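Protein chains: 8
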Amino acid sequence: MENLLQQVKKGEVTIDEAVEKLRHLPYEDLGFARIDHHRQLRQGFPEVIYCPGKTNEQIVKIFSALAAKGNNVLATRAEEDTFEAIAQTGKFPAARYEKQARAIVLKQNELSPSKTVLPIVTAGTADLPVAYEAKVTAEIMGQRTELISDVGVAGLHRLLAHVPKLQEANVIIVIAGMEGALASVVGGLVSCPVIAVPTSVGYGASFEGLSALLTMLNSCSSGVTVVNIDNGFSAAVTATLINKKIETRTD
Amino acid sequence: MENLLQQVKKGEVTIDEAVEKLRHLPYEDLGFARIDHHRQLRQGFPEVIYCPGKTNEQIVKIFSALAAKGNNVLATRAEEDTFEAIAQTGKFPAARYEKQARAIVLKQNELSPSKTVLPIVTAGTADLPVAYEAKVTAEIMGQRTELISDVGVAGLHRLLAHVPKLQEANVIIVIAGMEGALASVVGGLVSCPVIAVPTSVGYGASFEGLSALLTMLNSCSSGVTVVNIDNGFSAAVTATLINKKIETRTD
Amino acid sequence: MENLLQQVKKGEVTIDEAVEKLRHLPYEDLGFARIDHHRQLRQGFPEVIYCPGKTNEQIVKIFSALAAKGNNVLATRAEEDTFEAIAQTGKFPAARYEKQARAIVLKQNELSPSKTVLPIVTAGTADLPVAYEAKVTAEIMGQRTELISDVGVAGLHRLLAHVPKLQEANVIIVIAGMEGALASVVGGLVSCPVIAVPTSVGYGASFEGLSALLTMLNSCSSGVTVVNIDNGFSAAVTATLINKKIETRTD
Amino acid sequence: MENLLQQVKKGEVTIDEAVEKLRHLPYEDLGFARIDHHRQLRQGFPEVIYCPGKTNEQIVKIFSALAAKGNNVLATRAEEDTFEAIAQTGKFPAARYEKQARAIVLKQNELSPSKTVLPIVTAGTADLPVAYEAKVTAEIMGQRTELISDVGVAGLHRLLAHVPKLQEANVIIVIAGMEGALASVVGGLVSCPVIAVPTSVGYGASFEGLSALLTMLNSCSSGVTVVNIDNGFSAAVTATLINKKIETRTD
Amino acid sequence: MENLLQQVKKGEVTIDEAVEKLRHLPYEDLGFARIDHHRQLRQGFPEVIYCPGKTNEQIVKIFSALAAKGNNVLATRAEEDTFEAIAQTGKFPAARYEKQARAIVLKQNELSPSKTVLPIVTAGTADLPVAYEAKVTAEIMGQRTELISDVGVAGLHRLLAHVPKLQEANVIIVIAGMEGALASVVGGLVSCPVIAVPTSVGYGASFEGLSALLTMLNSCSSGVTVVNIDNGFSAAVTATLINKKIETRTD
Amino acid sequence: MENLLQQVKKGEVTIDEAVEKLRHLPYEDLGFARIDHHRQLRQGFPEVIYCPGKTNEQIVKIFSALAAKGNNVLATRAEEDTFEAIAQTGKFPAARYEKQARAIVLKQNELSPSKTVLPIVTAGTADLPVAYEAKVTAEIMGQRTELISDVGVAGLHRLLAHVPKLQEANVIIVIAGMEGALASVVGGLVSCPVIAVPTSVGYGASFEGLSALLTMLNSCSSGVTVVNIDNGFSAAVTATLINKKIETRTD
Amino acid sequence: MENLLQQVKKGEVTIDEAVEKLRHLPYEDLGFARIDHHRQLRQGFPEVIYCPGKTNEQIVKIFSALAAKGNNVLATRAEEDTFEAIAQTGKFPAARYEKQARAIVLKQNELSPSKTVLPIVTAGTADLPVAYEAKVTAEIMGQRTELISDVGVAGLHRLLAHVPKLQEANVIIVIAGMEGALASVVGGLVSCPVIAVPTSVGYGASFEGLSALLTMLNSCSSGVTVVNIDNGFSAAVTATLINKKIETRTD
Amino acid sequence: MENLLQQVKKGEVTIDEAVEKLRHLPYEDLGFARIDHHRQLRQGFPEVIYCPGKTNEQIVKIFSALAAKGNNVLATRAEEDTFEAIAQTGKFPAARYEKQARAIVLKQNELSPSKTVLPIVTAGTADLPVAYEAKVTAEIMGQRTELISDVGVAGLHRLLAHVPKLQEANVIIVIAGMEGALASVVGGLVSCPVIAVPTSVGYGASFEGLSALLTMLNSCSSGVTVVNIDNGFSAAVTATLINKKIETRTD
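Protein chains in written order, with the numbering used here: chain S, 1 to 251; chain B, 1 to 251; chain V, 1 to 251; chain W, 1 to 251; chain D, 1 to 251; chain Z, 1 to 251; chain Y, 1 to 251; chain H, 1 to 251.
Hints were generated in silico from the structure; no laboratory data involved. In this text, all values refer to a predicted model and were calculated from it rather than measured experimentally. Incorrect hints may appear among the rest.
[What the hints assert, rightly or not] With a straight-line cut-off of 27 Å between C-alpha atoms, the simulated DSS-like cross-links for lysine-lysine are: (1) K99(V) - K61(D); (2) K244(V) - K115(B); (3) K115(Y) - K244(Z); (4) K115(V) - K99(S); (5) K244(Z) - K244(Y); (6) K244(Z) - K165(Y); (7) K99(Y) - K61(Y); (8) K244(H) - K165(S); (9) K244(D) - K115(W); (10) K115(B) - K115(V); (11) K244(Y) - K165(Z); (12) K61(B) - K99(W); (13) K61(S) - K244(Z).
Taking the hints into account, I'd like the entire structure generated from these sequences.
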């Protein structure tokens with residue numbers, strides 16, 4: 001919107017054009033949803049549908065509107081029957097369901113793969129669904145990833161074997177439930193930012209991820225920042241943005 | 001009490017003696033407090049006064065009643081002016097104030113020192129007051145200790161240097177605030193019980209120790225048990241009881 | 001790992017051997033899980049699979065990898081269909097499902113039974129599943145147990161009848177939901193450590209075990225330490241470690 | 001008010017009288033406070049001023065308005081300087097400050113003492129201020145009391161010695177902080193109602209009385225009801241109401 | 001137990017008899033449960049089984065053991081299939097299932113009905129299951145009740161019409177979810193104790209009864225005490241105990 | 001009730017009439033529910049049934065009693081089978097089920113439509129069920145509405161396009177889950193009251209609407225007030241009351 | 001900002017003017033604060049300074065910048081020494097400190113008083129500071145108010161006497177701490193919106209206003225909306241906005 | 001440590017050297033603290049002392065040990081008297097106290113300034129202390145910053161004026177208390193990572209920063225990650241690490 005105002009000031013756009021653009025261009029109104037097609041341009045990532053709370057019918061409509069522009073489309077936290085509803089339209093033969101990640105992926109633009117590899121580290125096997133959500137998200141944005149799972153702090157030697165690899169990364173995603181201590185330990189071993197994802201894995205006093213969340217927020221390792229419980233998607237977007245900034249730097 | 005019933009059954013004690021003993025012996029009534037002298041016998045540790053919420057006048061009376069029996073006496077969470085009130089009675093020249101531990105110590109019986117040494121490990125310097133409370137408590141029960149401070153998980157190598165020593169212990173006390181991850185890491189490196197003490201060190205989302213408490217309760221390292229926030233006293237009592245059980249085993 | 005460094009220093013292991021061992025030996029990589037076979041040696045207990053959040057397929061693979069080494073294997077919080085998936089492999093005829101404990105047990109090494117008996121005390125009948133988890137865990141480690149159930153504080157005489165037995169123990173597990181007061185009462189009657197397990201038994205203001213957890217953490221009986229809500233497993237491991245330390249003491 | 005409607009219906013009161021009474025009689029308007037003089041008649045207890053949040057100036061005015069009717073007056077949670085402000089008026093020579101109870105007491109009507117004695121039981125010495133608030137409140141209502149302090153569950157024999165006395169009571173007040181287990185234990189030993197008062201005594205996971213509150217609410221002893229943290233006043237009012245109902249029964 | 005000690009002191013019971021009684025009489029050991037038959041004598045109410053967390057098999061065994069003594073038996077929070085399991089034994093033709101109260105009732109002793117009537121007041125229709133639990137509980141103890149439902153504070157006139165009836169009661173049960181304000185309003189209108197039962201009725205910020213619970217604990221009406229969320233049982237026991245004390249007073 | 005007292009004072013109503021009216025008129029007693037027919041008169045809105053916690057049988061009876069007076073009837077949070085139970089009575093052919101709003105609507109009086117339009121703004125598509133509850137509620141009270149959905153703060157331009165329309169409103173309803181920031185942003189752009197409805201949309205640290213609730217309560221935009229999580233009904237009633245006050249002003 | 005775009009579209013403002021205005025006009029940059037002078041125009045109320053967290057030096061600068069435009073200025077939650085710092089500048093002789101409201105008031109424009117009177121109702125005397133904040137806020141916006149204090153639900157007749165007056169209002173502010181039940185009771189007696197302000201008055205389970213906040217959010221009286229704990233300011237702004245909408249309606 | 005193992009493997013370091021280095025080099029033991037000098041090398045930032053919970057005496061010792069190595073030193077959350085204690089040693093004439101940031105800064109190495117500028121954006125004036133902590137931290141690491149304060153969402157135009165500048169940044173720090181909505185709004189306007197810092201600014205339902213924390217964690221703007229409440233330090237370290245990665249990329 002501000003860009004528009006700048007264009008107006010420079011005379012590149014007339015008033016009427018500007019006002020019309022401002023009101024009508026930025027999104028497509030489906031009645032129950034407003035599709036924001038130019039976000040892909042702005043942030044370099046696919047349009048994303050967060051599925052919970054939406055009916056399959058709504059999701060199919062949003063998915064169709066997004067796909068019609070030729071963008072990559074990612075639907076997160078998707079049930080398998082939602083994918084079937086999309087498949088039954090027959091319009092998206094390239095769409096696939098990533099069961100472990102609970103995601104629907106439609107790749108219409110192949111992005112050139114990143115130079116760097118993003119490590120996605122999990123404390124336990126039960127954290128894998130969140131890790132796969134992160135993996136799928138990063139990859140649809142062109143970010144290569146490496147999954148290092150089940151290296152929680154109760155068996156420190158499992159983690160230490162991967163330290164050289166971690167020290168080469170620009171940014172690392174650490175995913176852990178229960179006590180969530182892995183983020184601090186990784187943060188103390190590397191010199192790059194660590195994005196910590198608490199998971200709802202655990203029981204009793206884990207309070208559905210609250211324990212891991214608090215642990216990560218209180219990390220005394222510098223460079224650790226935190227996203228919502230189970231939010232592999234947001235961690236992957238942030239990590240990919242950082243890597244893109246590094247790889248696309250133009251001096 | 002049950003012992004008494006057994007003595008009655010064996011005929012070692014008459015009925016009237018038993019009933020009288022049961023009602024009158026086990027404690028001394030100060031009006032506002034009931035002093036339980038035979039606990040020292042039962043659990044092998046000093047009578048302890050938890051000071052908060054008691055007036056100096058009350059503490060002096062309880063302290064005097066306890067000391068009169070010749071037991072060791074420990075007053076925890078004591079303000080310096082409470083010690084001065086005790087000192088001013090002139091009756092306990094051997095009593096001393098341990099400032100770092102916020103404790104008043106009166107040693108009237110010298111216990112033979114334990115064979116084993118109890119490691120008391122802290123994540124940071126700010127956890128020291130809790131560590132000193134644990135140290136003073138263990139030592140008045142005859143338990144030798146070694147304080148290993150400031151070895152939090154953000155600098156793992158500081159901890160690893162102490163692993164051989166930790167692996168020799170029968171039981172370890174780990175004290176940490178903020179994210180409290182140290183207990184899990186230590187628990188994963190040793191094969192003895194770890195008693196974890198969360199501290200109120202931290203700010204914001206540490207919620208005055210809640211974060212460290214939850215972390216420790218959710219530890220995925222086996223053998224970790226937890227006491228109340230800042231409760232160095234209880235950790236030390238438990239650790240000493242375990243060591244005593246080991247050292248006093250009679251086959 | 002430190003042991004390895006010590007061996008290196010003493011010249012018992014060459015550099016190349018050490019580095020290789022450090023990287024490759026300590027665990028077996030199944031892709032989604034890393035199996036830590038030498039933990040059994042280190043802590044003297046079976047490899048354990050915590051089942052929630054893992055697929056049956058994953059559990060079968062981990063179980064197989066663990067069992068292949070000849071260790072005892074324990075799978076906790078296991079659904080009956082998980083046991084059936086394991087049974088259908090036909091490879092573990094000795095594996096059995098402990099329904100009350102929700103555990104799968106595979107005993108491949110018979111450990112000599114402990115001299116001491118570990119009392120497992122519950123406040124109510126509804127606490128039994130947690131007690132059985134503790135019992136199965138202790139027994140696969142060779143620890144003999146005695147279950148004393150339904151002796152909650154609302155009927156104190158039921159508890160008092162067991163006091164002589166409790167006073168002979170080296171360590172006691174106390175399991176209680178609702179108000180969780182039993183741990184304090186037991187702690188005041190004995191002179192050994194008490195490991196308190198809050199349970200999620202209750203409703204309303206029990207907040208799924210939070211009430212019992214807080215009660216136990218605030219116990220004014222010395223020697224009481226606490227594990228996570230419903231964590232019978234960890235209580236049993238800790239208690240068994242303590243008993244092993246006592247029984248294996250070598251002067 | 002309903003009584004008034006009944007009087008109207010019976011013709012004992014005219015309409016105009018009733019409406020006027022309803023609007024003007026029931027309270028006296030001080031501008032910032034409305035004094036409800038007939039509550040003493042209705043519930044048989046003194047007018048009470050809860051002091052926190054009121055200025056000394058406001059308290060003096062309310063106190064004066066209440067005292068002017070000849071009722072007994074009780075000001076709870078009163079600072080000593082509030083009492084001095086009242087004393088300086090020179091109008092209430094009979095008013096006294098109960099320091100331990102933090103209460104100002106003005107007895108203008110001597111009530112005949114109750115036949116029964118109300119036991120007020122505390123777990124620890126630090127619970128005494130709440131116990132004294134209860135004691136002062138009961139006594140200004142004519143209820144005789146007996147304070148049994150420092151009989152917490154960590155030393156059960158101290159409590160058991162008082163059981164015969166407790167079993168004779170119509171209703172008992174139990175006051176405890178920290179884990180608050182005393183109410184359940186007492187409730188299991190007697191057959192009368194127990195009014196449980198959690199206190200803010202404790203630290204860490206006591207969360208300023210929350211732990212004791214939850215314990216008491218989850219009591220599995222029947223007949224235990226609970227009041228707000230530190231609310232000795234309300235417990236005493238309720239207990240006295242029960243005793244009055246019993247003693248004043250007219251068949 | 002104390003009674004026993006008194007009998008011993010008076011010579012009415014020999015030592016051996018006392019010790020044996022103390023150990024064996026007070027309860028019957030079913031292995032998983034300990035049945036406390038003399039509680040009915042002690043508190044004048046039926047043995048009660050709280051069903052959640054117990055298997056039908058366990059409940060049938062406990063029910064049978066209790067019924068065998070000829071006592072009245074009440075099983076609360078019982079599913080209908082539990083009742084069917086009991087019915088299928090064919091041993092308790094008099095047992096009935098109270099669906100609205102979710103209770104199984106076996107009346108073997110007809111108690112003479114109380115003189116007084118206990119008002120059970122609810123704020124809304126959705127609070128009825130808790131009210132019926134209270135009603136069934138009171139009635140099996142011989143307490144007559146009157147249910148006054150749906151008189152919440154949003155329509156105050158519905159409550160005011162019942163004030164004369166409420167003012168005649170010795171004690172009142174008030175049951176409310178959502179904001180739980182009804183207890184305070186009733187408490188301000190009467191001069192007898194009010195037992196407040198918060199319910200889990202509501203949504204969002206009711207946090208499953210927490211809101212109503214806090215409201216009731218903070219009541220500024222004197223004489224209001226509180227039980228656990230949805231605990232109609234305990235409210236009824238307490239109210240009945242109070243009424244019994246009043247009706248059975250012997251001068 | 002007060003109106004009645006005023007009528008009595010003016011002599012328009014006799015005593016006996018007043019007392020009788022006060023007791024019998026204001027509601028109809030169905031046993032389990034008390035129907036308050038004159039509320040429609042008092043507040044100008046339909047009688048409303050909040051369905052959760054009521055049986056279909058109860059709802060049908062209440063619905064029938066309300067409808068019998070000729071009022072409009074609204075049943076909120078209604079399951080489809082509840083509507084079917086009502087439909088099967090055959091008595092309310094005009095009743096319809098609003099699936100998106102989870103409401104049963106029976107319009108028996110057509111209210112003249114409001115002059116003003118009430119904007120109902122949602123942050124996301126998943127907030128729609130709450131928005132539809134608000135819409136149905138407002139419309140049965142004669143309030144015209146406009147739904148503006150999916151204009152959350154992550155894409156600010158979608159909201160800005162609607163600002164002129166929002167600035168014309170007398171009052172606005174803003175509905176948002178997750179971080180709930182939309183209410184503050186709207187509140188800063190307009191000069192009318194904003195009624196904020198937090199929703200339970202979200203996961204993890206949204207804690208079922210708590211996050212959005214706290215955000216809205218802490219809004220630094222003046223004029224924002226808040227209702228319970230997911231309470232579209234109450235927001236609509238309040239907004240409609242405000243609009244009615246404006247439109248019905250009589251100078 | 002949108003208005004500006006509309007003016008641009010209509011040709012009333014040139015592009016360059018618009019862009020310049022948009023960037024520079026709307027606020028004045030003090031370095032640490034940005035002053036928004038046109039808010040007064042937009043919402044018809046004074047610029048307001050929320051004092052906590054700002055230094056006196058900062059407040060004096062902001063106050064001066066605001067006052068320089070001739071607007072009315074209100075500083076809330078102001079300490080007395082902040083007022084003195086403002087007074088010492090000698091520039092604002094008309095500024096006064098409202099001690100009970102903790103507010104600094106500078107009236108430079110006399111607004112014509114509202115026709116309607118806004119009732120501000122409090123449950124207790126301790127709620128007065130919040131009520132005075134509301135009163136001062138409303139009055140500087142030209143809204144006449146009437147304070148009705150100390151009419152909490154424990155003495156319902158005190159409230160009922162004011163019902164006729166309340167029923168005449170367009171909107172009512174209800175302020176209550178502790179159980180906060182007053183808002184529901186008032187909401188049930190009137191047919192206008194009620195703005196409920198929970199206060200931090202109370203102790204123990206009031207959790208510094210949380211109890212009253214939850215009560216008010218769960219109100220089953222329609223038309224009740226809620227603001228932050230102790231936020232008399234926001235309640236007054238909202239109520240005044242509603243009254244202004246009504247009084248300034250132009251047909 | 002791993003680096004060391006790699007050097008050993010390559011033969012660059014002998015065994016004895018490695019083991020000695022591992023044990024003795026990495027830190028300096030002050031008894032109560034372990035100084036980790038090589039962290040500066042590892043992460044490129046100064047040694048940092050978090051002051052709360054440490055005595056001035058301890059801080060002076062740690063500060064001296066750190067400064068002796070010639071590194072830059074930063075002491076955060078430092079009271080002014082701590083700075084005076086450092087100043088009185090006379091050893092650090094270059095040390096200065098940054099009052100607004102509550103930090104002690106000793107710059108011994110001048111780092112070349114970053115090419116990019118880091119925007120530090122605050123919602124209100126009261127958030128400035130946290131912003132200054134971030135600013136001081138970034139600057140001692142060579143990161144240039146620009147502080148944009150008081151642009152909260154209640155006056156959106158203040159923020160929009162800075163959008164062009166924000167869109168040029170590689171990473172942005174957003175600091176907000178109360179409802180914390182600013183991070184989501186900024187996150188939706190830019191295509192770089194946003195590091196969100198909730199602050200404890202606010203009152204009532206802000207629960208000392210919890211509200212802002214939850215808001216930020218639930219942000220529906222991608223690319224937003226969160227640190228602990230008031231943790232300007234960690235946000236600045238992370239942002240600077242990201243910028244360094246970008247500026248130091250070597251292809």
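Which numbered hints fail: Violated: hints 4, 13.
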